[in-house]
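Protein sequence lines, in the order shown, are assigned to chains D and V.
The opening residue of the first sequence carries number 1242 in the numbering used here; numbering runs sequentially from there.
The opening residue of the second sequence carries number 636 in the numbering used here; numbering runs sequentially from there.
Misleading hints may appear alongside valid ones.
Capping the alpha-carbon separation at 25 Å, the derived lysine to any residue pairs in SDA-like fashion look like this [what the hints assert, rightly or not]:
#, chain 1, residue 1, chain 2, residue 2
1, D, 1407, D, 1529
2, D, 1388, V, 771
3, V, 728, D, 1334
4, V, 801, D, 1388
5, V, 801, D, 1281
6, D, 1492, D, 1551
7, V, 902, V, 826
8, V, 801, D, 1529
Derived from the structure by calculation, the hints contain no laboratory data.
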Amino acid sequence: MGNLRAAAVETLINLGKEDPCIVVLTADLGLVTGVSAFGDIYPKRYFDVGIAEQNLVSVAAGLALEGWKPFICTFAVFVTMRAFEQIRSHLAYQNLAACILGFHAGISAGANGATHQSLEDLNLMRIIPNMRVYAPCDGVDVSLAIKHSISENSLSYIRLSKPKWKPIIANDKGKSFQPTWVERVGTDVTLISTGIMLLECIKAAEKCNNSKQSISVEIIHISQVNPLDIFLIAKSAKKTGAVVTVEEGLKNGGIGEAICAQLQQFNVKAKIENVAINNVFGESGSACDLFDKYGISSSHIETAIRRVINLRTAK
Amino acid sequence: MNKNLNSVTLKKLNYLAYKVRLDCVDMIECAHSGHIGASFSAVEILIMLYEFFIDRMNPDRARFCLSKGHAAPALYSVLKHYQFLPQNISWKKEFRCINGLLQGHPSIEIPGIDVSSGSLGMCLSVCVGLALAARLNGSVRNIYALIGDGELNEGQIWESVMAASKFTLDRITAIVDRNGSQGSGYCTEVMPLTNIYQAFNAFGWEVLECNGHDFCELLDALTKPHSKPLVIIASTIKNKGLSNYENKLELYGEKLSKQQFSDFRKKLLRGFKNGEPQSCSC
């Protein structure tokens, strides 16, 4: 399933049947996110606190303190920023098991414009102690991530980007969540994708492969941004010597920077380019137009691949 | 519960109030850090809660959140006296020290602390969550929160007040420690909330008022039946028991001299011998 939002709702409903401790909370976005469907089936375990995100997170903390498993469901931009302190001081500092689902995330949220596009959510959530951060690539990955977060019994943030795109993982039968995996084996460059950018990375890799001067691109996908599984990335980076990281978020404090820092610690000598949004706010537009204008489309990734290979060759 | 406190109990509670204030002075002097005024105004309220309403031995006991977390010294002393903490606990080693148990603001690692607090305005929301959890559990346990009057400046307080009303959380009792002053000065000057009673009432809460240093009035308010969330606006005195400092602004541990701490102990002893701080309307 390519629709991350719908996958999250379906997973919550199914899990809610098996686990009576799961409770769902929202801040007036039950209908828009679809989580009100959980409330239709399990009304006693569904709480809408109205447009009050700080209250939303702290109420969830109260439930978690008493052993309930809250899923905090609202837009990424509102929950991670309006309620950042509550996430930090009530959920993380008390080391509570709760899951924050950040809907409508990324610049691909599109038409609503900058105030509703979260470019910072992954950057902010990954610095909080005790926080697992997921950026799933499609609906199946969302479902696996949610189940993984419950099994880890820890505090989690799961980013749910808006677009309904082509699913990448065929189905989840018998699969367990993979924090990082090799999507495509290659030899010339390591392309690291996060979240829904995997599709753009695959397009870029195919273009590179089919071009006159064919480039063999290895794609490593990260679905779990924190803790980061650097080993797989380091192994590939050592092999290729050229790395391009891709994220749907701000460059400052982003995953690209985190990977750079960690590769340094592993003494990996590679040329690295970070494809990310260059510390500006977004604007209204379609996801495709925004990816193009803000430099994170498959063409930009392809350009970055060629640039980093040239740098590696020139050294 | 017998709402009238007999003289033996009153004597015991008065003595405890004196001891708790002394403990606060000791703690804050050892650490050279802490809030005297905020702690002192909360003493009788805390003693009342732990004497009659929070039973350590009950697995389904009431929950308590010190939302005005900087009054932690008073809470830690009360927890010791009601045996949540060891009787031989060393304030010098444990309060506000590296590797110490007793953090500057309450933290859930400390026995007896139900909610980590300190950042103002946030904990009443946690209490809403605790109350929802109790309802889901089929429990009738009460949830108590002690809030500062300056803390009512925070918007999140009113988010939680609305939510408590929406979910008809009649097991919640919030107590406002109304001592009239906050960080930058008197509440009436910094950010006036001219009528706290009306504000809570407008949001659908039951509202009572009492003298926050009078054990009988506190008991009366806390035992009043209510079918809505209840707030008790307790009028208190900042730096209660320190005569010429009463109703002045906060006394921060960092700014106090050894002489002043010694002076505080003498004032408290004098007051206790004169039958202060407690007068009772029983």
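Against the structure, the hints come out as follows:
no.	hint	in the structure
1	1407(D) <-> 1529(D)	holds, 14 Å
2	1388(D) <-> 771(V)	holds, 23 Å
3	728(V) <-> 1334(D)	holds, 23 Å
4	801(V) <-> 1388(D)	violated, 31 Å
5	801(V) <-> 1281(D)	holds, 18 Å
6	1492(D) <-> 1551(D)	holds, 22 Å
7	902(V) <-> 826(V)	violated, 32 Å
8	801(V) <-> 1529(D)	violated, 42 Å
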